[in-house]
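Q: Residue numbers (numbering that gives the first Met the number 0), protein chains in the order written: chain E, 0 to 406; chain U, 0 to 406.
Derived by calculation from the structure, the hints in this document are not laboratory data.
On a predicted model such as this, the values are computed, not experimentally measured, just so you know.
Possibly wrong hints are sitting among the right ones.
No copy labels: a pair is met if it fits in one copy or bridges any two.
Subject to a maximum C-alpha distance of 25 Å in a straight line, what follows is the list of computed DSS-like cross-link-like pairs (lysine-lysine) [to be verified]:
#, residue 1, residue 2
1, LYS235, LYS190
2, LYS17, LYS27
3, LYS286, LYS54
4, LYS54, LYS27
5, LYS235, LYS109
6, LYS59, LYS109
7, LYS17, LYS54
8, LYS29, LYS235
9, LYS17, LYS29
10, LYS286, LYS59
11, LYS235, LYS17
12, LYS109, LYS278
13, LYS30, LYS393
Number of protein chains: 2
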Amino acid sequence: MALIVKKFGGSSVATPEKIRAVVQRVLKEKKTEDKIVIVVSAMGDTTDELVTLAKRLTSKTYGREMDMLLATGEQVSIALMAMAFQAAGQPAISFTGGQAGITTSNAFNKGRILDLQPQRVHQALEAGNIVIVAGFQGMTADGDITTLGRGGSDTTAVAIAGAIHADVCEIFTDVDGIYTSDPRVVPEARKMDTITYGEMLEMAKLGAGVMQPRAVEMGSRFNVPIHVRSTFSEAKGTMIQEEYAMKIKQYLIRGVAQDNNVAKITVLGIPNRPGFAYKIFSELADKNVDVDMIVQSVRIAKEGVTDITFTIARTELSAAQEVLHHIRAEMNVEDILVDDGMAKVSLVGAGMAGHPGIAAGMFGILSDNGINIEIISTSEISISCLIAEESVNKAVQAIHAHFFAEE
Amino acid sequence: MALIVKKFGGSSVATPEKIRAVVQRVLKEKKTEDKIVIVVSAMGDTTDELVTLAKRLTSKTYGREMDMLLATGEQVSIALMAMAFQAAGQPAISFTGGQAGITTSNAFNKGRILDLQPQRVHQALEAGNIVIVAGFQGMTADGDITTLGRGGSDTTAVAIAGAIHADVCEIFTDVDGIYTSDPRVVPEARKMDTITYGEMLEMAKLGAGVMQPRAVEMGSRFNVPIHVRSTFSEAKGTMIQEEYAMKIKQYLIRGVAQDNNVAKITVLGIPNRPGFAYKIFSELADKNVDVDMIVQSVRIAKEGVTDITFTIARTELSAAQEVLHHIRAEMNVEDILVDDGMAKVSLVGAGMAGHPGIAAGMFGILSDNGINIEIISTSEISISCLIAEESVNKAVQAIHAHFFAEE
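Let's have the full structure, built from the sequences with the hints guiding it.
A: Right, dumping it as structure tokens:
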């Protein structure tokens with residue numbers, strides 16, 4: 000017997016007929032004693048259609064009400080999928096995020112899972128049901144409906160897998176696994192059989208779109224093996240798991256990632272006193288804007304003044320602009336510059352920290368290709384460079400060719 | 000200051016633009032200190048569209064999952080309406096049925112309100128919000144989503160008005176009030192300024208489609224004045240209230256109602272022993288099928304055998320058929336006959352019980368018009384006759400002409 004969580008995205012459940020196909024597939028793969036939880040997204044473009052409906056009323060985003068609206072998308076999918084299982088003779092029951100026991104923060108549009116009490120899920124599984132849970136959503140302690148932000152269904156799936164101690168969390172997607180780089184940019188990119196949470200987290204954070212960083216983090220925290228595999232084939236995909244569980248040779252360099260959803264903001268002429276930088280970043284945090292790379296530089300020519308450059312997701316630029324207006328109006332800064340034509344290219348692999356030559360090699364390749372590096376950031380297992388978006392494909396191809404040819 | 004509950008149906012909120020029009024109207028009529036709760040149905044044909052989606056998967060109805068599906072319709076409307084108020088500068092908050100404190104029985108598709116704890120509604124009103132509540136839905140004590148069945152949004156509105164002690168519950172509809180008969184059938188029908196709960200209940204039960212019986216019952220129980228009025232004009236409609244509150248002359252006869260949603264079932268040759276009739280009706284009750292008129296006749300020619308004829312809503316015939324199959328198979332009855340071509344015509348008015356001539360007059364008119372009466376049932380304030388559906392319009396016109404011409 001295995002306890003398995005399976006997550007299907009919106010394109011896999013876009014029509015009642017596709018839902019029926021997912022049901023057939025799940026029943027075909029299911030062994031008699033298996034207990035199965037399925038996490039689904041909203042059907043096809045439902046979420047976008049709901050956003051469009053709201054936009055006909057107002058151009059602003061009203062957090063709580065937008066989540067009330069968007070959460071209906073997944074609620075439709077889970078109800079239909081439960082009916083489809085029942086029609087196929089398989090007992091099934093659907094749960095909203097709240098019913099599945101998911102409590103989130105009250106950061107609407109971007110809720111974080113604070114607690115997961117899966118008693119109803121357990122009871123329903125024990126009673127012989129396949130349990131279908133609405134992805135992307137939860138409930139605050141006050142009973143308000145929240146959504147988890149982009150890719151939230153992955154997070155729901157991994158969190159539930161952790162809470163019920165599932166043997167594996169399967170993420171069904173339109174690609175057949177995790178590649179050393181984006182195959183659309185680097186045709187010779189290779190599929191990996193396994194990857195560690197840490198490496199996947201870096202890949203995901205650095206722009207590999209297959210899985211959301213938060214979901215990978217959650218998998219690592221609860222030690223849930225995550226199997227990223229294709230909706231369209233039964234082939235094995237890529238397993239994300241702890242290092243010690245990996246039987247294969249450890250590569251030093253695992254992949255090259257790119258992230259085009261980057262905006263760079265520079266605040267010029269900040270009085271160099273404690274508290275100013277804090278104020279900027281805490282106001283951004285209040286608006287739920289995540290800051291990624293940060294560089295602060297003290298000007299030599301003008302004492303007591305610093306410049307701060309940082310990056311955020313380009314999609315969060317409008318929320319950040321409000322904060323920037325406020326800073327411009329209230330704080331004594333010289334100017335604020337925004338550049339939304341940036342991208343980030345990253346090299347990922349466990350153990351890179353012990354090999355300084357790798358960073359040097361990466362910078363050399365960028366230099367050889369005439370690509371200017373604006374900011375560098377490093378972690379235990381990655382090196383990232385902020386560059387102009389127009390050069391990012393060339394950068395990824397050159398870096399991949401260099402490091403994967405040498406192997 | 001007034002505390003007002005306003006209910007808008009699906010056609011009033013069919014598009015974002017219509018939602019905006021409702022918002023404009025509410026804000027125009029609202030006095031500064033008024034506290035307002037709005038109950039809305041799903042947009043336009045949403046509910047039918049969701050049913051169609053489910054039918055692409057299965058022909059059966061799965062109660063719990065169908066309610067999970069249908070409840071999304073109202074959730075979309077409330078979120079959009081709250082956004083529309085906010086966009087107009089009016090603080091507003093939306094609540095699902097469960098969030099508004101509505102606890103129902105777990106009769107899926109047909110939940111009954113068991114409890115209503117409107118703390119969140121009160122708090123939100125106190126904080127200066129217009130509160131928007133999803134009609135037609137509630138939550139079981141276990142946290143499962145239920146729907147209240149046909150016309151459930153009226154019930155939601157009146158129940159909330161009762162729980163928060165509203166001054167009035169306004170039901171906005173596509174007609175401008177309650178008429179002495181259906182104006183589409185009887186062109187000379189007249190609009191009433193007021194009607195008692197009891198009379199309205201009879202009119203509603205007997206087929207006057209403007210309001211659901213359960214909503215009127217709820218209004219009577221909590222003594223909520225109900226104002227039935229037009230979405231399209233600001234004219235006064237019909238006020239449903241207690242008799243003592245009515246300032247106008249009491250009419251003996253208030254209206255002529257018709258109900259075409261009727262099926263007649265006859266069970267022939269039932270052993271005339273205690274418990275047999277009970278078994279039939281309790282099995283129907285288990286399937287949530289309401290029985291309306293009942294006639295039992297003991298046959299003179301054959302001792303120890305009875306026939307029972309009863310009526311149900313024609314729309315519940317398929318649910319009833321399951322019970323009938325079971326009865327045919329398990330109980331020793333001679334035959335079961337089903338006639339789905341019946342209708343009911345009713346005369347309604349407080350105080351009719353003391354005037355036996357009225358019943359005689361009604362039977363005489365039907366007889367004069369060659370219309371056969373199959374079953375008669377009476378209450379304190381109504382007389383109903385089951386007749387063939389093909390004669391019902393003629394019957395209503397003749398009865399209306401007779402009683403309202405005499406006045």
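Q: With reference to the structure, classify each hint as holding or not holding.
A: Results of checking the hints against the structure:
In this assembly of identical chains, LYS235 and LYS190 lie within 25 Å of each other by CA distance solely inside one copy; the values are 11 Å within and 71 Å between copies. Proximity of LYS17 and LYS27 under a CA criterion of 25 Å is satisfied intra-copy only: 15 Å inside one chain copy versus 47 Å between copies. In this homomeric assembly, LYS286 and LYS54 come within 25 Å of each other (Cα to Cα) only inside a single copy, at 21 Å, whereas the closest approach across copies is 43 Å. In this homomeric assembly, LYS54 and LYS27 come within 25 Å of each other (Cα to Cα) only across copies, at 23 Å, whereas the closest approach inside a single copy is 42 Å.
Taking CA atoms no more than 25 Å apart as the test, LYS235 paired with LYS109 passes in neither setting, with 32 Å inside one copy and 46 Å between copies. In this homomeric assembly, LYS59 and LYS109 come within 25 Å of each other (Cα to Cα) only inside a single copy, at 16 Å, whereas the closest approach across copies is 37 Å. In this homomeric assembly, LYS17 and LYS54 come within 25 Å of each other (Cα to Cα) only across copies, at 14 Å, whereas the closest approach inside a single copy is 29 Å. For the identical chains of this complex, LYS29 and LYS235 are intra-copy neighbours only, at 16 Å inside a copy versus 62 Å across copies, given an alpha-carbon limit of 25 Å.
For a Cα distance limit of 25 Å, the shortest separation of LYS17 from LYS29 inside one copy, 18 Å, qualifies, whereas the shortest one across copies, 48 Å, does not. For the identical chains of this complex, LYS286 and LYS59 are intra-copy neighbours only, at 14 Å inside a copy versus 47 Å across copies, given an alpha-carbon limit of 25 Å. In the homo-oligomer, the alpha carbons of LYS235 and LYS17 lie at most 25 Å apart inside one protomer (21 Å), although the nearest pairing across protomers, at 51 Å, exceeds that limit. Taking the shortest alpha-carbon separations for LYS109 and LYS278, only the intra-copy value of 22 Å comes in at or below 25 Å, while the best inter-copy value is 54 Å.
In this assembly of identical chains, LYS30 and LYS393 lie within 25 Å of each other by CA distance neither inside one copy nor across copies; the values are 47 Å within and 64 Å between.
Consistency note: the structure conflicts with the earlier hints numbered 5, 13.
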